[in-house]
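Protein chains in written order, with this note's numbering: chain A, 1 to 289; chain B, 1 to 541; chain C, 1 to 333; chain D, 1 to 305.
Because the hints were derived from the structure by calculation, they are not lab data. There may be inaccurate statements among the hints.
To be verified - Listed below are the simulated BS3-like cross-link pairs for lysine-lysine, each with C-alpha atoms no more than 25 angstroms apart in a straight line: (1) B:Lys142 / D:Lys58; (2) B:Lys236 / B:Lys520; (3) B:Lys123 / D:Lys40; (4) D:Lys58 / B:Lys200.
Computed from a prediction, not measured in an experiment: that's the story for all the values here.
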Amino acid sequence: MPDTYLDKGTSLWQDAMRRFVRNRLAIFSCAFLAALVVLAVLAPLFAPYSYAEQDLALGAAGPSVRHWLGTDILGRDLFTRILYGGRVSLMVGLCATAVALLIGVTYGAVSGYAGGRLDTVMMRFVDGMFAFPFTIFVIILMVFFERSLLLLFTAIGCVEWLTLARIVRGQVRSLRRQEFIEAAICLGLPRRRIIFRHVIPNVLGPVIVYATLTIPAVMLLEAFLSFLGLGVQPPMSSWGLLIKEGAEAMEAYPWLLIFPGMALSATLFCLNFVGDGLRDALDPKAAKD
Amino acid sequence: MKRNASRTLVLACLALCFFSNCPNRQSPVQRGIRDQILHVGNFSEPEDLDPHIVTGNVEFNIVMALVEGLVGQDPKDLSPVPGAAERWEISPDTMTYTFFLRPSGRWSNGDALTAHDFIYSFKRILTARLASEYAYMLYCMKNAEAYHRGEIADFSLVGVSAPDRFTLRISLARPTAYFLSLLQHVSWYPVHPPTIEKFKAFDTRGTRWTQPPNFVGNGPFVLKRWNVNTVVVVEKNPFYWDASSVRLNAIHFYPIESNQTEERAFRSGQIHLTYGVPLTKLDWYRTNRPELLHITPYLATYFYYVNVTRAPLNDRRVRAALAMTIDREALVKNVLKADQAPAYCYTPPNTAGYTCTSAVAYDLEKARALLSEAGYPEGKGFPAVELLYNTSETHHTIAQAVQEMWNKNLNISVSLVNQEWKVYLATTHALDYDIARGGWIADYVDPNTFLNMWVTGGGNNRTGYANPVYDSLIARADNCPGRQRRLGFFQQAEAILLNDLPIIPVFFYTNQSLIHPAVKGWYPTLLNQHPYKNLYLESDG
Amino acid sequence: MPILSAVNLRTHFHTRHGVVRAVDGVSLSVEQNEIVGIVGESGCGKTVLCQSIMGLIPVPPAHVSYDKMSLDGEPLHTADERAMRAIRGNHMTMIFQDPMTALNPYMRISDQIAEPLRIHRGTRRADALPKALDALKAVGIPQPESRIRQYPHEFSGGMRQRVCIAMALITEPKLLFADEPTTALDVTVQAQILALLKELQARYGVAIVFVTHDFGVVAGLCDRVMVMYAGKVVESAPTAALFARPEHPYTEALLRALPARAARGQGLRTIAGQPPDLARQIDGCAFAPRCEYATPECTSVEMKLSACGSGHTTACLRMQKGEIGELGNRGAE
Amino acid sequence: MLKFVVRRLTLESIPTLLFVATLTFFLIRLAPGGPFSAEKNVPPDVLKRLEAHYGLDKPLLVQYRDYLLNALRGDLGPSFKYPNRTVNELIAVSFPVSLELGIYALAMALAVGIAIGLLASARKNSAADYLSMSAAMMGICVPSFVLGPLLVLVFGIWLGWVGVSGWATPSDRILPAITLSAMYVAYIARLTRGGMLEILSQDFIRTARAKGAGGMRVVFVHALRGGLAPVVSFAGPAMAGVITGSFVVETIFQIPGLGRFFVTAAFNRDYTMIMGTVLFYATLIILFNTAVDILHVWLDPRLRN
């Protein structure tokens, strides 16, 4: 412990990390997420069966000794499919949201910071994009481009960044008039530096809050895209698809819905607690208590 | 703070109770039984109700209640029964049919139904500008095809005439054994000339003559109400010649696209009859409520197109290997679970008395032998092949099962390609696929509707298959009046088809629907058509 | 009978670094019409003292305890939120340091000034408006009729502090805490605000506790002064007596540090060392490590305030024993 | 203020609508398969006449010009899929249904979301905070295609309290509104909580408490206006999204709303329907985003330059 609190200068990031580490719930969530990622990445090691191996005679059976979480309509082991599905869903959730964040935050920050006519043009473009017929766009993407996860991210990214851009723009517009921004301008900092070093870190609060909500939404959107054929190619699957198939057999085979649903919910809660932990850790005002 | 949140919760509960009327209110189904109003799930919103324009079953179901052709359908087996025509005579050479209309025949606005109405209707559907997609159903009539293609301009040359107001004579281009069941098809239905003229709908689409107040038909019911995506209501037509025997007062058609939603509506007493049954609910109904579940054979085959122009599928032995390694029994029993029959041939059994004698075998050894013979021992070196299907839960599930079967039995990896409906159609029409999901529902009860598809250059022959011997057999069957000789030609043709295997039959559809016990007069039929005039509601509770 | 009497007030913050004794046994009493100044470096607990009495300190991390606390004779229970709410803003009010952020940017000035009346007197909005107008006039805001409908961002810093004062005095409270109200303002405005406070204090007879770190302000405004260091009161005396004869080395060092005192051309005198870390246990006199007169005894014996003149108390052990004579002369060589 | 609105709705909106219309018009032609391709092969000559009937055989630019001229007159053309109905009529019939459902859903989402957000921010990092926020989270991770059927099973079929499908009786509105609002509750709750915490840490809240304002007054009179700013900017696009219905909810509850057209029109390659829904939705978005910006200025006087 530093003998006097003021002795060693602690940068915001070190201070934030110390506060984040002390937030037990956030740490537990981080551990859980890390475990989930490891399980998903090393799926082949843990999976008792291959995700495509069918047992038509068995069909949809409940949890049993051989199949811990039961089997789906084609008699494939659900536990294995959740592991492999986790790979896709986590990747889609994290990467597509990252794409949406990248575009949305930058776009919103530039628009909010620039103000005036540029802001108007950029925001009206966003309004236009809201109305864009997403389904036909997906169909065209599928036809003209080789089907790949990258394509899936672009499709999702193109939809998810819009609302975020609006929220960030709103925040930046009110932030723009604060003294510390004018001070940065007086120092002669280039606009790009001001936006990325001063404006965006101050907008992280709502952005993180929104991001942790986007991830599950993106996973479920992936289910709709996979159903259309753009996302995951059978026999591979994803949590979104598993939940969608489970929902259709909700009464007859409830385990097909419950287990993938629990996987998604657990990930969602962890993401949110981590998000909250990050937000509180990074919030300078919260430093004093 | 807490006080405020709990207060909103209490309010929400109160609102919930207020909105819901007491649980034991009378459901539409119970009220329907009392008032003889039938509530039916009818899959999707009808595109139109013009008999000469509609193309889907959804539209046929409603048009059949509103319009009646020359020949009606027997409720039990759809055999031809007197309709708008009281009786008919067939010439010895089966080339000329004479129909005697009912003098008492009326349109729903009271006008008399005459032979000229029929001639007007045939002329309308054969008018090129109307661009009716089912005009080809009338090509068996003399010069009909020539008139429709514009090669002749004078309609009087077409083989239909009216010796007097209530007699209609039709002369055919070729002896068509199934002509009477052909007449049951919507494309032969009459339309009310004054209404068509009033709305200038003779050769233009998108007119409003099929909207409720304007629609005039000669069927057992008349169109009362049509709310988009909500309901189509038809009521008993007092002017119908057989109105006395029609017991239903009205029918409500609900466009419910999701069979899950439809099943829930059925269970909560909103409809008497469903259009289909969700795959996952079949077991439940079969064990708990067998009396509600009706699974009936359906004149339709589920098969895979094979692009015979593309290597390695241009090799007959490869196609045979693929066809012989699909475990159709397991697929039907464990995946589809709706008593579908495994299809080892293409035309469904006893279609108008015809049952194909040759068949595709399920023989793993022979298949592997054929595959290695074709140059791919144990599947080694077998190029990447794609199995294409259009987006749907059922196709998705079947494709994965078949993919796994080929992988396990032939050690070849087939990738699945899922395409949206219109893209799928464009791809298959352009022959830009390896293997593609296919399905064909009979237009009329006769093997011809199935077998004439695969003639060289046939409109629906999307496999690139061309076999002159096959073509000649189909042509001779079509021109031969004798029933037995005709079926003989079909046997030979199908034998060739199952040997060349441009298509791999998988299973014969069945039709599944949930029916309320109070629905009477409903009989399983091959085309899943149930004449409404014979239906009635009677609770046996 | 004193307006405010607080005896042995302790406010400890239970943080992860240990228990921070921000206010550690302070007694404060304020008479009718009296302005008491509380002086000390930042971090000595003067603001926490006022907020503890006002009951504004969030209790979960903090723990407020006292032997006796009364306002105009009535006992004060800072833990009883409902009772405190009836007093806060009514009989006991407070103004803050930074006027730029003290006012609600979303509400009109009229509503903000009238709010105490609506909360405590239940006066309806229409009746409260004229009273708010009078309050604005009383604090010297030009064109009050038009300005009253405006929003805080349309006022300058000085004007906003005047609004805060109007807001604090509209209910004619018995006691007003002023927590460094002029620190954020520039000197000319500062003088106007101090003059205004003095005038209003005379007119309404409200007792004021004036917290500051500026001895100039104390000299001009306060009747009596308390000097605080590390959460404790080290000296308290009438203003004149304190400036004439500081009885505690810390007070003397602070006075010495004032630029006015140093001869022109000489360097400014500072106090060596750092204020102590309140989270750690301090034995004896907290100022000992930085005190020129400190002896080992200073760091062992527990400090207590004792009288050393009329109304003049000091916590310096050696001063109490008279071991040090006149404090000021040593600094003079 | 009026000048701002007028300029926004005319000067700025027209280019946006034009941009969206143009982009969509040419994009949908890229998708293979036309409005009339069907399972049973359509004879080529019939296909040609069909396309001629709807003017699809004219050069693209001519079709584009005709479409825009008609659209300006408010005529969005006939629907290809439902030939005897015009796009205007289909939207006119189905929009009121989606509007009503959307309003119920959004009101519910705002009421529950804000209540949970306020409760969570008032009791920061307490059990109440985590419990309420977790409850709100369920709205996101239980998708509508799971929640809908679940509600129907419990309240519709087993208990029989409320309507299960269709849009006839008042009780048919309840379950769809709950299903549609569920996802928005989570967003609104978290944004409210974030916004309120931001405001409650500001100095003027301490001034309000110093004035003797109680907890309720501090939250509702002082903090709410500032705290709801993020919710307001989220509500704009959310409103447009909710009010134009959701394909999934309308399928589950058999509701004749506008939502289904956004998806099925694409599948049917119903060009005029796609264009009609896109223009209609773009107009709604522009209206609601303008309303949101006005609301922001009304909420925060500092923005009124």
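Cross-check of the supplied hints:
| no. | hint | verdict |
| --- | --- | --- |
| 1 | B:Lys142 / D:Lys58 | 35 angstroms, violated |
| 2 | B:Lys236 / B:Lys520 | 17 angstroms, holds |
| 3 | B:Lys123 / D:Lys40 | 23 angstroms, holds |
| 4 | D:Lys58 / B:Lys200 | 24 angstroms, holds |
In summary, the one numbered hint that this structure violates is 1.
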